[in-house]
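Student: Chain by chain, the residues run as shown.
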Amino acid sequence: MAIKEVIQTINQLQADGVIDRYAIGGAVGATFYLEPVATLDVDIFVAFKSEPGSLIVSPQPVFDYLKARGGTMEGEYIIIAGWPVKFLAAGTPLVKEALKESLSKDVDGTPARVFTAEHLAAIALQTGRAKDKARLLQFVEAGALDAPRFRDVLARHGLLDA
Amino acid sequence: MRLDLQKILESKRVLRRDLASPPVAEKLRMLDALRERELAIRRGAGSSDSNKLREEPARYQSKP
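Residue numbers (our numbering), protein chains in the order written: chain A, 1355 to 1516; chain B, 301 to 364.
Just so you know, the hints here were simulated from the structure itself, not pulled from any lab data. Watch out, some of these pointers could steer you wrong.
[What the hints assert, rightly or not] Output of the computed footprint for chain B on chain A, the stretches with three or more beta carbons under 8 Å from beta carbons of chain B: (1) 1362-1374; (2) 1453-1463.
[What the hints assert, rightly or not] Computed cross-link-like contacts, DSSO-like style, restricted to lysine-lysine with a CA-CA straight-line distance of at most 30 Å: (3) A:K1459 <-> B:K307; (4) A:K1485 <-> A:K1440; (5) A:K1421 <-> A:K1487; (6) A:K1440 <-> A:K1358; (7) A:K1454 <-> B:K307; (8) A:K1487 <-> B:K312; (9) A:K1450 <-> A:K1487; (10) A:K1454 <-> A:K1440; (11) A:K1485 <-> B:K307; (12) A:K1450 <-> A:K1358; (13) A:K1421 <-> A:K1358; (14) A:K1485 <-> A:K1450; (15) A:K1450 <-> A:K1421; (16) A:K1487 <-> B:K307; (17) B:K312 <-> A:K1358.
For each residue, glycine too, the CB sits at the ideal point set by N, CA and C.
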């Protein structure tokens, strides 16, 4: 069970052209900037490709690809290297921007695309559950945010009064 | 015993800073270990928990 294997699998998924772009979000994404906090799943945000001849984007090719390589479905998750992985379409303007501006980070020689700290914090603010607010506080208290950049993200997405 | 809140808070800040400072690969290995531990605790607590309060899943959507 290793997150690094999940990242390697997602990189291969991208290299094989099944997805356009991905970025790690959620608690695993936050761990690139903060202290680790226990989580049970991995959130991967993806720009899904549309099927040939169709404007509809579908995660089905991702599931088919991963199932053919030993992945198993469990509800909305697909299990990769023992971790339940959730593929989320970049549906909101904020998440689309976060995906576009995501960064490549090195994990022991493996590249991993991750949301910026400012986008992770803004998404936490927008999502708004108790644990998201706690994560936002972690970012602030750790001094992990570039304040002007964070403010710009919040302003662009109408979150300054959130 | 005297309760020195400032000292406690500072100590927490230092601990969190120390936990945040290792290389990412090491922190991800910590996540692997934390998940194993969490699952072991849940298994030990039993599975007949349908009445327990659960956290709602994230929707990653704009607020109404």
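Student: Please count how many residues of the segment 1362-1374 of chain A have a CB within 8 Å of a CB from chain B and say whether that reaches 3.
Tutor: violated (count 0)
Student: Between K1454 of chain A and K307 of chain B, is the straight-line Cα distance small enough, at 30 Å or below?
Tutor: violated, 42 Å
Student: Given the hint that K1487 of chain A pairs with K307 of chain B, test it: the Cα-Cα distance must not exceed 30 Å.
Tutor: Holds, at roughly 25 Å.
Student: Straight-line Cα separation of K1440 of chain A and K1358 of chain A no greater than 30 Å?
Tutor: With a Cα-Cα distance of about 16 Å, the restraint between K1440 of chain A and K1358 of chain A holds, given a limit of 30 Å.
Student: Does K1450 of chain A pair with K1358 of chain A here, judged by a C-alpha cut-off of 30 Å?
Tutor: holds, 24 Å
Student: Given that the segment 1453-1463 of chain A was listed as covered by chain B, double-check it with a C-beta distance under 8 Å for 3 or more residues.
Tutor: holds (count 4)
Student: Quickly compare the C-alpha distance for K1450 of chain A and K1421 of chain A to 30 Å and report which way the hint goes.
Tutor: holds, 27 Å
Student: Can you confirm whether the C-alpha distance between K1454 of chain A and K1440 of chain A stays at or below 30 Å?
Tutor: holds, 19 Å
Student: Would you mind confirming whether the straight-line C-alpha gap from K1459 of chain A to K307 of chain B stays at or under 30 Å?
Tutor: Given that 30 Å is the threshold and the Cα spacing comes to 35 Å, the pair is violated.
Student: Need the status of pair K1485 of chain A, K1440 of chain A: alpha-carbon distance at most 30 Å?
Tutor: holds, 18 Å
Student: Measure nothing beyond the straight line between the CA atoms of K1450 of chain A and K1487 of chain A; if it is 30 Å or shorter, mark the hint as holding.
Tutor: holds, 21 Å
Student: Holds or violated: K312 of chain B and K1358 of chain A, Cα atoms, limit 30 Å.
Tutor: Given that 30 Å is the threshold and the Cα spacing comes to 29 Å, the pair holds.
Hints 1, 3, 5, 7, counting from the list given before, are not met by this structure.
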